[in-house]
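Asks: Sequence:
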Amino acid sequence: MGRQPCCEKNGLRRGPWTLDEDHKLMTFILNNGIQCWRIVPKLAGLMRCGKSCRLRWINYLRPDLKRGAFTEAEEDMIIQLHARLGNRWSKIAAQFPGRTDNEIKNHWNTRIKKKMKFMGLDPRTHHPIGQHHNLDQTIKRNHNGESTSSHNMFSNQMIKEEKPENDQISSIEDIGLMMMSHNHQLESLNPSFELEFPQNWNDISGLQWDVFNDPGLGFH
DNA sequence: AAACGGATCAACCGCGTACTG
DNA sequence: CCAGTACGCGGTTGATCCGTT
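Taking numbering that gives the first Met the number 0, the leading residue of the first sequence gets 0, the next gets one more, and so forth.
In case anyone wonders, no lab produced these hints; they're calculated from the structure.
In this text the structure is predicted, and so the values were computed from the model without any measurement.
Check before you lean on any hint, since a few could be wrong.
[Unchecked claim] Straight-line Cα separation of at most 30 Å, DSSO-like style, residue types lysine-lysine; simulated pairs: (1) K90 x K50; (2) K23 x K41; (3) K104 x K23.
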């Protein structure tokens, strides 16, 4: 025979933890440490399964947890680690004392992915969105002698390729493409220009594509 | 003030691996 | 070595919050 079953599923509580449950689990672990999660709820007087207790401790109750928003430096590091490791959240979290894999995973899915799309980057590959087919076509079509830098050739061609039928901005990807084009145009006018991102989708949704192709307009 | 929709995040689910007898 | 289970991980869900209409 192998190990004993994890827990009796019948009669166990599920859903959000109460203050009382948190207190019981916290007190028990601080006094006894963690040997076996299966027996923790029994000894701590909790109607939860060991798995649930483990998750609650790791993600919420651990005293060494660092709470609060992620800093710019942390976000940059997450992006770099994700480029190397992929979705191995526990490996990534190991580089951030006080942060949990769940926290980093949530932050990635809700914020960083969007930020990368704003920057015109594919969050899965970390490469520019649509790079391959657009670059190939760009190189062919610019044999007519236009004097543009390679990244302007790239972004301007993307705008032509990706512009929607109704001219209306309708997705994060749309914004990413336009931001790239707009950024490159402003850079060419003013080398010290730094791209800023809009704070809110509502700041920009519903705008027309042509607004972003006017280099005289500052964005945000 | 109410309804709605999007964002956030805690918690659950299911699977692969490690472990035990 | 095998069967059966605990553990850990990544993906997903759903409750709640918050801003907008």
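Asks: Now look at each hint and say whether the structure bears it out.
Replies: Status of each hint after checking the structure:
1. K90 x K50: holds (20 Å)
2. K23 x K41: Holds - the C-alpha atoms of K41 and K23 are around 11 Å apart, at most 30 Å.
3. K104 x K23: holds (28 Å)
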